[in-house]
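Asker: The primary structure of each chain is shown beneath.
4 protein chains.
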Amino acid sequence: MKIAFMGLGAMGYPMARNLSPHHEVVVWNRTTAVAERHSSEAGTALARRPDELSDCEIVISILPTSREVDEVVDHLLPEIAAGTLWIDATSGDPSSSRATAERLLQKDVRFLDAPVSGGVPGAEAATLTFMVGAAEDDFTRARPLLELMGRRIVHVGPVGAGHAIKAITNSMMAANLWVASEALVAMRRQGFDMKVALDVINGASGRSNVTENLLPKRVIAGEWPLTFKLGLLDKDVRIAANLVHELHLASPLLALTSQLYTAATTSLGGDADYIEVLRYVAALNGDTDAWRE
Amino acid sequence: MKIAFMGLGAMGYPMARNLSPHHEVVVWNRTTAVAERHSSEAGTALARRPDELSDCEIVISILPTSREVDEVVDHLLPEIAAGTLWIDATSGDPSSSRATAERLLQKDVRFLDAPVSGGVPGAEAATLTFMVGAAEDDFTRARPLLELMGRRIVHVGPVGAGHAIKAITNSMMAANLWVASEALVAMRRQGFDMKVALDVINGASGRSNVTENLLPKRVIAGEWPLTFKLGLLDKDVRIAANLVHELHLASPLLALTSQLYTAATTSLGGDADYIEVLRYVAALNGDTDAWRE
Amino acid sequence: MKIAFMGLGAMGYPMARNLSPHHEVVVWNRTTAVAERHSSEAGTALARRPDELSDCEIVISILPTSREVDEVVDHLLPEIAAGTLWIDATSGDPSSSRATAERLLQKDVRFLDAPVSGGVPGAEAATLTFMVGAAEDDFTRARPLLELMGRRIVHVGPVGAGHAIKAITNSMMAANLWVASEALVAMRRQGFDMKVALDVINGASGRSNVTENLLPKRVIAGEWPLTFKLGLLDKDVRIAANLVHELHLASPLLALTSQLYTAATTSLGGDADYIEVLRYVAALNGDTDAWRE
Amino acid sequence: MKIAFMGLGAMGYPMARNLSPHHEVVVWNRTTAVAERHSSEAGTALARRPDELSDCEIVISILPTSREVDEVVDHLLPEIAAGTLWIDATSGDPSSSRATAERLLQKDVRFLDAPVSGGVPGAEAATLTFMVGAAEDDFTRARPLLELMGRRIVHVGPVGAGHAIKAITNSMMAANLWVASEALVAMRRQGFDMKVALDVINGASGRSNVTENLLPKRVIAGEWPLTFKLGLLDKDVRIAANLVHELHLASPLLALTSQLYTAATTSLGGDADYIEVLRYVAALNGDTDAWRE
Chain Z
94 MKIAFMGLGA
104 MGYPMARNLS
114 PHHEVVVWNR
124 TTAVAERHSS
134 EAGTALARRP
144 DELSDCEIVI
154 SILPTSREVD
164 EVVDHLLPEI
174 AAGTLWIDAT
184 SGDPSSSRAT
194 AERLLQKDVR
204 FLDAPVSGGV
214 PGAEAATLTF
224 MVGAAEDDFT
234 RARPLLELMG
244 RRIVHVGPVG
254 AGHAIKAITN
264 SMMAANLWVA
274 SEALVAMRRQ
284 GFDMKVALDV
294 INGASGRSNV
304 TENLLPKRVI
314 AGEWPLTFKL
324 GLLDKDVRIA
334 ANLVHELHLA
344 SPLLALTSQL
354 YTAATTSLGG
364 DADYIEVLRY
374 VAALNGDTDA
384 WRE
Chain F
94 MKIAFMGLGA
104 MGYPMARNLS
114 PHHEVVVWNR
124 TTAVAERHSS
134 EAGTALARRP
144 DELSDCEIVI
154 SILPTSREVD
164 EVVDHLLPEI
174 AAGTLWIDAT
184 SGDPSSSRAT
194 AERLLQKDVR
204 FLDAPVSGGV
214 PGAEAATLTF
224 MVGAAEDDFT
234 RARPLLELMG
244 RRIVHVGPVG
254 AGHAIKAITN
264 SMMAANLWVA
274 SEALVAMRRQ
284 GFDMKVALDV
294 INGASGRSNV
304 TENLLPKRVI
314 AGEWPLTFKL
324 GLLDKDVRIA
334 ANLVHELHLA
344 SPLLALTSQL
354 YTAATTSLGG
364 DADYIEVLRY
374 VAALNGDTDA
384 WRE
Chain E
94 MKIAFMGLGA
104 MGYPMARNLS
114 PHHEVVVWNR
124 TTAVAERHSS
134 EAGTALARRP
144 DELSDCEIVI
154 SILPTSREVD
164 EVVDHLLPEI
174 AAGTLWIDAT
184 SGDPSSSRAT
194 AERLLQKDVR
204 FLDAPVSGGV
214 PGAEAATLTF
224 MVGAAEDDFT
234 RARPLLELMG
244 RRIVHVGPVG
254 AGHAIKAITN
264 SMMAANLWVA
274 SEALVAMRRQ
284 GFDMKVALDV
294 INGASGRSNV
304 TENLLPKRVI
314 AGEWPLTFKL
324 GLLDKDVRIA
334 ANLVHELHLA
344 SPLLALTSQL
354 YTAATTSLGG
364 DADYIEVLRY
374 VAALNGDTDA
384 WRE
Chain X
94 MKIAFMGLGA
104 MGYPMARNLS
114 PHHEVVVWNR
124 TTAVAERHSS
134 EAGTALARRP
144 DELSDCEIVI
154 SILPTSREVD
164 EVVDHLLPEI
174 AAGTLWIDAT
184 SGDPSSSRAT
194 AERLLQKDVR
204 FLDAPVSGGV
214 PGAEAATLTF
224 MVGAAEDDFT
234 RARPLLELMG
244 RRIVHVGPVG
254 AGHAIKAITN
264 SMMAANLWVA
274 SEALVAMRRQ
284 GFDMKVALDV
294 INGASGRSNV
304 TENLLPKRVI
314 AGEWPLTFKL
324 GLLDKDVRIA
334 ANLVHELHLA
344 SPLLALTSQL
354 YTAATTSLGG
364 DADYIEVLRY
374 VAALNGDTDA
384 WRE
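Protein chains in written order, with this note's numbering: chain Z, 94 to 386; chain F, 94 to 386; chain E, 94 to 386; chain X, 94 to 386.
Treat the hints with care, since some could be wrong.
One copy or two, either will do: identical chains are not told apart, so a pair holds if it fits within one copy or between any two.
Distance condition first, Cα-Cα at most 20 angstroms in a straight line; then the derived SDA-like pairs of lysine to any residue [as the list claims (entries may be wrong)]:
no.: 1; residue 1: Lys200; residue 2: Arg311
no.: 2; residue 1: Lys288; residue 2: Arg191
no.: 3; residue 1: Lys95; residue 2: Ile313
no.: 4; residue 1: Lys288; residue 2: Arg142
no.: 5; residue 1: Lys288; residue 2: Ile246
no.: 6; residue 1: Lys288; residue 2: Val247
no.: 7; residue 1: Lys288; residue 2: Gly362
Read the hints as simulated data drawn from the structure, not as lab findings.
Can you make the complete structure from the sequences, with help from the hints?
Answerer: The following block contains the structure:
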């Protein structure tokens, strides 16, 4: 099957590599040099412009935001073949996805949203979770391809539902991270040893993915790698905030979380690692040296 | 060793039972009938009034709040023996604890705060975690006793530090629970299957003790047992909020969480189970039937 | 000049009456009976369907939300005369307004947003303030008409700016009202006399339009008229919240205010008077009888 | 009548001067040079140490916080004459005031709290408003003295009530100011002229003491005088937040306001003028040059 793969970032690069032994994969990337490297490493074909991909049976996109997806849709739309299935693995916006699905449907192209969790290790090991928003038959058609890149392929609802659930679960994490940051700053101010504090939290009720997996590496081991850009998390939180706004739901904690991430992103810049919010909370409280030793 | 044990609630009852094979334990409880039952079941001695306990070498208290601890201290204080060690396992208030420690010190009685995590199962199996705020020598003296009731005995700081860290970790959980509630209400409103939603969250970034251990039983299995009173969690959240207030720290999410639990507790009553906040968030958004089928 | 006037609500009815001595006014209203009454009382002509208005030189609309404006634009668009000027006095949404302006421009029709303040008394006395978002020449063209209905005609910026500033000033009022409600509930709980409390506030720093003009009538005189629907204020607050969201600004108080009005509107219904939020804040705190004697 | 006057700050200095023609006034100030100046200017007697004041019939204190009041009470308590009336015009803490009243009562000294509004101009012109928390007979006794310094003397409730209402009205102002700051930052970002924006707000629903009296001088005239220290406003907001906490009331906007002022005070320092929060809100949103031209 001829598959167009658009977006060779930290996630897309290994995902496309996992597809290439099984299908004819044509890759496109904004920075062509990355696509050339992929082509030589993984034996994929190379497209220099999005519109070279319009004859593929399947299009897979994984781009920073729905805006970039819309741009490549614009390029392919005039020539795209009827019957194509478009799988968007971007952490996108449900409203945009529904609009894009409608645009593509006028060309008899089906669209589904299939954002992932599992990070770069999951992308490399083909153990990702895909949260798929799709019509039933489109899900059935996409599933065998997704299984080449992931381990859990969950059909969560109609088009947009994948993006919605991804945004919501990431904004839960964002809230948990901010709360944990406030808690650690308060403990630190009182003189608690941070290793003891995290041990106690992780042996008690307050534990979460954030306190068990994300904070110890930074707070205890002192390693602050760039693993996920704050700007992308802020985008997810904003998508979730907008979604509850459109549903006319009162969600005060998610709404305030969105405000706080906006302030942090404005201050730190979108390219900072998302766990830097811990240092931002410390700095808000006058401690600019926290966790910098 | 003669040990006074005050407070035979869901936690204290099995904790005292775990002590009784090893020491001479005298139990007191506000409702004497419970103490009588304990006495006959566990072979403990029985005190009908707090002041009968003033000759014990060790006093262990585990009561609803620091207010009740202060009341029993009032009763014992006139006659309490110099050299007694008072271990307070209540989820108490750090400021109260420091004041109580000072009051007792004037009688040459040492006080330490040693709140627990692990719930009723941990209390029964003697696998609790104790978070101990104490001077070094008092901690050393208490440790062998705590090891009869728990598995992890962590010295977290001076007097008050145990209560502080317990309140903070519980308020992290409270925040995580409220955020998860907002998220589930938003997902339900969009028609997501709740089992799928929790599965996806728990396979992704948003997972926490709340989503992995607390919500599935209620949301999926439909079981809503009373495991921890909302009024007690609200008390912990208020202690944490007051603590960050006294530290003059900006902690907007913890502060807002405290406000929301106050509203929920006012509406549901303090005797409701704490996970009822999920239904409260649904009701705030007009869905009074949610998770009641 | 032939003017179409669409929307004869509490504001629109007297506004159209103030125009009719000076121009040929054709009125339309969703409920035709109201338009018939206006026609017989004010000597205006009557349109039974929006599309009867497409030959007017000027269209003035004042409808509940931008959604209803869009609907009447849909009806008039096919037949509307090039050169028409559309003045929208609705408290609308800036994004919608800009989109509507673009749609109309394709028919060579100019659009401006001109929401009002001053309430029903101002509409009747032709003393309204108009906050106009418009191109310079459109503003110049509209001004003489607006002066027949109002006293202060302020050009605040390009299309959308009128709606933006109206939404923002109303959401400031909404926030001030909620804060004042929290304050009065706290004072009442402590036993303050409400007249004394408002007197003191209004003689001191905390005073605002809310405490000086809106609350005394209800709180002291015990009169709770319906003057402005909560649902419409909630809409304004949501427009402002969405606007700061789109600007990617951190505005925690406006964001939280929006959440609280959503909860209040869900609970009280959109047809309640907006000052009912005071009673809602009391009810959230367990006092359902407050200010009901 | 011999009156001790403690605290010759911006407010106390002219207040004591207004008393001196009518009574024998002995002044004390932490920095003695100020008291010396007052003595030579206003003909008041001078105390170099608080304990020199213990024979006065009346003590009036106006100090930064209740903490400083407690300190001078400590000094006077051993020698203070039974029957003395203590009038505390500090913007203090209601809980502290009640405790202080109890301490003094054991010496048969009566205490009342009488914080003021009206600012330095009101202090100079003797047109202050006093909000008095007092027993009825103490109020009667204090009133003639207060009338020498102010125009409106309002008995608002028992001891502590004056401090409570002062803290609450100031925290309403603080919230209104922060909301107005968010609104102006949003308007500025959209390119609104600030004079037009304030004019529109002040002609519409969103107007308040903040937008009518406090902001125009800074925002339009570009004058940023130091009129009231941010640290003192933050203290008032914290007193109000603590008060609603103790009442176990859900007051989410006041609570969040308190958090935001804490962050602003930490960043700007307590000596900054309180209207600097407008610039802080701008800086949070990336605009560090706002209103600095």
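Asker: Taking the numbered hints from earlier one at a time, note which ones the structure violates and give those numbers from smallest to largest.
Answerer: 1, 2, 3, 4 and 7
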